[in-house]
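> So the chains spell out like this:
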Amino acid sequence: MLKKITLACALLLSPLTYAAGLQISVEIPKLNVTEYHTPYTAVWLESTAEGDKKFTKTLAVWYADKKREGGGEKWLKDLRQWWRRDGRNLTFPVDGVSGATKLAGVHQLSFTQGAAPLGTLPKGDYVLFVEVAREGGGREVVRVPFTWPVEKPTSFKESGSAEVGAVTLDLNP
Amino acid sequence: MKNIIQCVLFSSAMVASAVAQAHSTWLLPSDTSKGNKGGWVAFDLTSSEEFFTFNGGAPKLGPIQVIAPDANTTEVQNIFEGKVRNSFEVEMTQQGTYKVFNTNSGLTARWETADGKRGFWPPRGAKADPAELATAVPKDAKNLEVTQASRRVETFVTVGAPTRESLKPTNQGLELVPVTHPNDLAASEASEFIFLMDGKPAVGAKIEVVEGGSRYRLSPAEQNYETDKNGRVKIQWKKTGMYWLGASYKDNKAAKPATGRSGSYSATFEVLAE
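If you're matching them up, the sequences are chains H and X in order. Here the first sequence stands for residues 0 to 172, numbered as in numbering that gives the first Met the number 0. Here the second sequence stands for residues 0 to 273, numbered as in numbering that gives the first Met the number 0.
For the record, the hints were derived by calculation from the structure and aren't laboratory data. Mixed in with the good hints there might be a few duds.
Claimed, not checked - The calculated EDC-like cross-link candidates involving lysine to aspartate or glutamate, where the alpha carbons are at most 16 Å apart (straight line), are:
#1 K73(H) to E153(X)
#2 K237(X) to E210(X)
#3 K36(X) to E45(H)
#4 K65(H) to E45(H)
#5 K238(X) to D197(X)
#6 K122(H) to E72(H)
#7 K238(X) to E153(X)
#8 K53(H) to E273(X)
#9 K73(H) to E273(X)
#10 K98(X) to E188(X)
#11 K36(X) to D77(H)
#12 K36(X) to E72(H)
#13 K237(X) to E72(H)
#14 K167(X) to E144(X)
Stated by the list, open to error - Which chain X residues stay away from chain H? Per the calculated CB distances, all over 12 Å, these:
#15 K33
#16 K36
#17 K205
For each residue, glycine too, the CB sits at the ideal point set by N, CA and C.
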């Protein structure tokens, strides 16, 4: 049974690897602190254009989504930069975007050109942002600039120094 | 009618006390930005030399007003009046921007008596009754100056995304009309505001901006600005933090019996990461 599921998943996932889009991996570092709360995380894109052409798209938000009466939602504003850029305009939960906080480790995200939540990403210069804020801890933003579309598979890697580990961005043409 | 009189009496006392203390008045919110669910926000109103430390004296708590995002007024709760600070709380349940403020206005007068001494009204610490002005000033007074003084202290809190319905000016006294939304200020981005005096651009108003935490700095590090011919000013924030903005304006375009107008305004803003 397990094998069947694995196979099914592999079949489902494999075309994504080749479809035009973004593969993002976000490392939540393991922190040796007395009181650890899994961090709130926002992953979003911004175009570097100014004015009306400026474009912001939230790709993933991890927060305490199962707290009673949306209790976790009130801390979303602590993802301060994302909150100002897009978060305060959204209604939670956001289908296909928001989910529970993640444990320490490397988390994979995959977005396909033309499919929700990415939609069709217009040609242009962008910055991928990963913002992490932890209750009783710090806050950090990692930026990965890139140009879309790409002609051949292209990879970028940046790293935070405290709350965010490695962030990799793989672009598929 | 009685209420109106009391209000005027009280207001004039407030204006007099604000002038007497050289301290700056400020209204500090516990939060300027709340999640979409809203909640309680605590406020402290006091005056001091340092922002935002409680080492001055609390002015008498005048009526605090709250304009909710739907432009209706909202109730203030859990009022505490102390020696060092006045506090209250507001439950914010609507999406959008709340304006929380205290404002008042009144007449003050000063003159020189026939034998060259200085006279002023209302007497220090006394309540001013506008009806008494005529009898308070001696018939032979020289260089009589009657000032229509207004004062406003305010701050802004937004639940979810910022809105502008609560930000409309009343066209009375010195007021700030935001071009940049007051809950959308970011470090390294300039913010633009317009100042109005009784609804008209306050040209040449003096603006002072000080970052909080002055106790821990060697100098107050204030920034000074002046509004242009349209009453506009552009503030360049240097970093994130809570800021105090003070504005003052004076002219001689008052309605009788006043000979001059003066307006004082202060607001607390939070400047966030870009």
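> Provide an ascending list of the numbers of those earlier hints which the structure does not satisfy.
1, 3, 4, 5, 6, 7, 9, 10, 13, 14, 15, 16
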